[in-house]
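Residue numbers (my numbering), protein chains in the order written: chain D, 142 to 444; chain W, 142 to 444.
There may be inaccurate statements among the hints.
If several chains are the same, the list does not tell them apart, and a pair holds so long as it fits within one copy or across any two.
As the list claims (entries may be wrong) - As a list, the in silico PhoX-like pairs of lysine-lysine whose alpha-carbon atoms are at most 20 angstroms apart: (1) Lys311 to Lys253; (2) Lys253 to Lys146; (3) Lys324 to Lys292; (4) Lys350 to Lys312; (5) Lys253 to Lys175; (6) Lys431 to Lys379.
To be clear, the hints were calculated from the coordinates, so they are not data collected in a lab.
Now for the letters of each chain:
2 protein chains.
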Amino acid sequence: MIPEKTVLQLLLIKHLIDRNEWVVRELGWEIGVKQPVVESLLEELSQHYMLEISSGRVFWNPADIPSYIKPWGWTIIHRSLLGSTQDAARGHPPWTVIVAEYMLWGKGRIGKTWVTGLGGLWITLKVMVDPLTASMLPVLVPTILVRILRKNIGVDAWIKWPNDVIIDDKKLAGILVEAEAFKEQIIAYIGVGLNVNNRPPVEEAISLKDVLGGIIPRNRVLSMIIGWISRAPKLAEKPDEIREEYREYLSTLNRRVQAIMMDGSRIEGVARGIDEHGSLILETDKGMIKIDATETYQLRHIE
Amino acid sequence: MIPEKTVLQLLLIKHLIDRNEWVVRELGWEIGVKQPVVESLLEELSQHYMLEISSGRVFWNPADIPSYIKPWGWTIIHRSLLGSTQDAARGHPPWTVIVAEYMLWGKGRIGKTWVTGLGGLWITLKVMVDPLTASMLPVLVPTILVRILRKNIGVDAWIKWPNDVIIDDKKLAGILVEAEAFKEQIIAYIGVGLNVNNRPPVEEAISLKDVLGGIIPRNRVLSMIIGWISRAPKLAEKPDEIREEYREYLSTLNRRVQAIMMDGSRIEGVARGIDEHGSLILETDKGMIKIDATETYQLRHIE
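Here chain D stands alone, though its shape is the one from the complex (with noise of 0.2 angstroms):
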């Protein structure tokens, strides 16, 4: 169930994804409210998007509008709502890039349900890449993603096994990829979710905002993350240096973890390395266990 107000907001995100600049008044007729109704709902929106509101104006900085990035190569399609972009993308060629303010059924790992927000960045990248690229991509991903947190946003961000990102040890961002043969190549799709503006529904999560106190231009991050992609054939000719870094950035490397898995068991001991493979191998009572993502529907860090 989505709030009235939350489907009213939508609809003026839709109207500014259209034209970045507006009267108000015009912008209540369009969506069928008030002006002190809209003007409240930009009010609360202004505190997820960058809207400068005054003199009975509203306006959209382009810096935190996706569709207003031109990456060579790629194109960008921004909606304003969508139930997934992963489904979403499959309507288009590869190095198209799906952008929702909004996902209704979005998706996490292994089925899981991702929970969208406004002002988040809620993202699909559709690439063609060789199977060796298509085969890193679950590593470089969110490698690629602590490195542009680290180095141009400047947060403490970690890679908790095997792919979510996190500051504080609280979730900031997760991904997805799937992927499907053509031919000799693999297309894939890159789900990124990352709490940007938006204000994450659980106490286990935490978005850039929360961590550096204002909003963050999304555009500079998205183009980043676009920059890195298209390099990835490039960076995984060389994969253990890639492994390597993402090692680095593993918050999970001898940490004592519990991972719940698929079957429902539950296997607890101190995390001592990746495989080749990706697999957690983990120290318990029992000896060494690894465990494989695919067949893990939960880690914990309990320490």
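Since the structure of chain D is already known, use the hints to place chain W on it.
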């Protein structure tokens, strides 16, 4: 709160308003859901809209798409979703009809909420008329509606005082007339909510589909409403004839009713007549009492 499913169905309708024939698979990509999901969403919509789904295509019959009629002198604005058609009409010139497939904050008489469902006819007709015609609208509009429903649609519709339309004592349509002065003229916002092919949300309401057992092409009803409203100034020249026809359709006459007044008090009596201002004359234990529509929160037929 609105179910996710309804929001996705409204997204589908939005695309079908833009173009009335689609390949189902492409429609799924547009809203970001998998093919079986879009099929099931459309299947359910086809119970309330004239949708034909076959060979992977969906076709919305123009007889059910309000923007497909072109009444002379009028502009039709057709939206999938609005706060309310009454508020949306403010931004348009007179002789505009706003049609919404769903209203988030639909308005009823005296601040009540009007609940919309998919497949109904939720409209506001904005007109500019002389003050005499404007003053007649609260009587004229329900009269016109009942006339259309009886003579053209063939159902046994009645007026429930002051201006609901009922069948079998169940609510079929609600009317809300708002007005503002413009120089010597009056700009009136005639809101009509008519349960056509929707499933009314309460037991005390009924739709034309319920009565007739099949989907009604909404444009038949809509074009007749617009046609008669165009003739409102002409009709208002003979106010006695209109009041006479209104009385003829008035189910409330000679029935025992209970009126709940705005101040919370209740008045019970037998409805004996309507005065020249449209007030209801009740025969009560304490003699004849006149009640005014603007002071009446709710009227119940109790016999």
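Results of checking the hints against the structure:
| no. | hint | result |
| --- | --- | --- |
| 1 | Lys311 to Lys253 | within (18 angstroms within a copy, 45 angstroms between copies) |
| 2 | Lys253 to Lys146 | between (26 angstroms within a copy, 18 angstroms between copies) |
| 3 | Lys324 to Lys292 | neither (37 angstroms within a copy, 64 angstroms between copies) |
| 4 | Lys350 to Lys312 | within (13 angstroms within a copy, 50 angstroms between copies) |
| 5 | Lys253 to Lys175 | between (39 angstroms within a copy, 16 angstroms between copies) |
| 6 | Lys431 to Lys379 | neither (24 angstroms within a copy, 89 angstroms between copies) |
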